[in-house]
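So the sequences go chain by chain: A and B.
Take the first sequence: its position 21, counting from 1, is numbered 21 in the UniProt record's numbering, and each next residue is one higher.
Take the second sequence: its position 159, counting from 1, is numbered 159 in the UniProt record's numbering, and each next residue is one higher.
Treat the hints with caution; some may be incorrect.
[As the list claims (entries may be wrong)] Distance condition first, Cα-Cα at most 30 Å in a straight line; then the derived DSSO-like pairs of lysine-lysine:
1) B:Lys30 x A:Lys52
2) A:Lys19 x B:Lys116
3) A:Lys156 x B:Lys30
4) A:Lys7 x B:Lys15
The set of hints was computed from the structure by calculation and includes no laboratory data.
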Amino acid sequence: MQQQAQKDQFIYLIQQNKKLIFKVCNAYCHNPEDRKDLVQEIIIHLWQSFHKYDNRFKLSTWMYRIAINTAISHYRASSKKQKVTVSIHDSLIDIADETNVELDENIKLLYHFINQFNDLNKALMILYLDNNSYKDIAEILGISETNVATKVNRLKLQLKQQFKKL
Amino acid sequence: MELDELKDMWSDYDKKLDKSLKLNIQLLRKINLDKAKNKLRKLMIFKLMEMFILAGIIIFLVSFIADNITSPQFSISAGIFAFFALMGFISNVKQVAIMMQLQGGYTEAVAPLQRKIELLKLLIVKYVKYALLSIPFFPIWMILITKILFNYDIYSNSMRNWWLANICVSIALIPLVWWVFKQLSKNEISRFWVKNFLEGSGWKQAEAARAFLTEIDDFERDI
């Protein structure tokens with residue numbers, strides 16, 4: 001009974017934060033099938049850590065850490081990796097109405113440029129675009145705030161140059 | 001395009017996702033989230049077992065050396081074997097220590113956690129690499145194993161030529177093993193056939209781990 005209540009609470013949490021998971025998965029996986037696996041893997045990792053959640057941290061910090069760590073590990077594992085997930089046909093998190101969220105050409109380009117960054121800079125850019133404070137970004141990534149500021153500026157410049165080249 | 005515009009655009013995209021993103025609750029309920037196996041825990045149990053076995057071997061070999069101190073063929077063989085077992089034990093302790101730090105799952109900050117994962121991968125490859133070095137010592141293993149299992153002194157009771165042949169094979173193996181060992185230690189292997197030869201040995205994982213560790217170092221550096 002308690003387990004069921006915990007699961008309901010967890011589902012509610014995922015429901016509220018599905019966007020975060022979706023955006024992290026989109027940044028790290030181009031292949032839709034792979035993305036489905038990654039969504040599932042992130043949810044499993046979140047569930048496994050759910051009972052250990054330390055409320056001294058912001059919930060979003062906790063979720064970003066797990067989502068990004070899972071995405072980087074998933075991305076870095078070779079194609080030969082053994083799946084911990086089960087095969088599913090449908091995606092756990094998906095866009096219900098594709099026409100409604102037709103990707104702007106510039107967003108597509110932005111994703112394309114972010115994809116060219118290394119794994120850690122990719123995470124930094126997603127966190128920055130998602131309006132996280134430098135303090136939160138530093139806490140999620142485990143680097144100093146000044147380092148976050150320097151890196152964000154550098155990456156922004158790189159993006160600007162990429163867009164200029166077009 | 002100005003970067004502020006980009007952020008506005010991202011925020012519009014965010015709003016669109018708010019409306020359109022759907023969580024498949026039915027499917028989520030159907031998936032047994034607890035069933036997903038914790039690979040790390042399994043590996044840690046395996047490594048702990050290995051550690052206890054190696055500790056047992058070391059203790060046994062030390063007492064074996066004490067009992068056979070007057071027979072150098074046995075005490076030296078046991079000493080060399082104990083050295084490799086000790087190296088393996090130390091490596092296992094380091095691996096288990098990292099695994100214990102990773103037990104908390106992926107809740108730690110990204111850069112330090114990814115560093116631990118890559119260090120663990122490197123340690124596992126190093127473990128295989130050092131185990132390779134024991135191959136040329138196979139005549140010594142024969143002396144030790146026949147003594148321990150059958151209480152037979154193969155060293156004194158075998159023909160000189162047979163020993164010479166084994167020692168020659170053992171010496172011939174040294175350059176090959178050393179070459180593989182050196183290749184596995186390199187950051188980059190340029191020759192295609194060498195790469196193919198070492199494919200299954202863990203070199204590829206070690207190379208990727210080293211490259212990612214450099215990336216993490218750069219990322220963590222305040223520059």
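Q: For the pair supplied as a hint, Lys19 (chain A) and Lys116 (chain B), confirm whether the alpha-carbon distance does not exceed 30 Å.
A: Holds, at about 28 Å.
Q.
So if I understand the rule, the pair passes when the alpha-carbon distance is 30 Å or less; does Lys156 (chain A) with Lys30 (chain B) pass?
A. The given pair, whose Cα atoms are some 42 Å apart, is violated under the 30 Å limit.
Q.
Between the alpha carbons of Lys7 (chain A) and Lys15 (chain B), is the straight-line distance 30 Å or under?
A. holds (27 Å)
Q. When you check the alpha-carbon spacing of Lys30 (chain B) and Lys52 (chain A), does it fall within 30 Å?
A. holds (23 Å)
The structure shown violates just one earlier hint, number 3.
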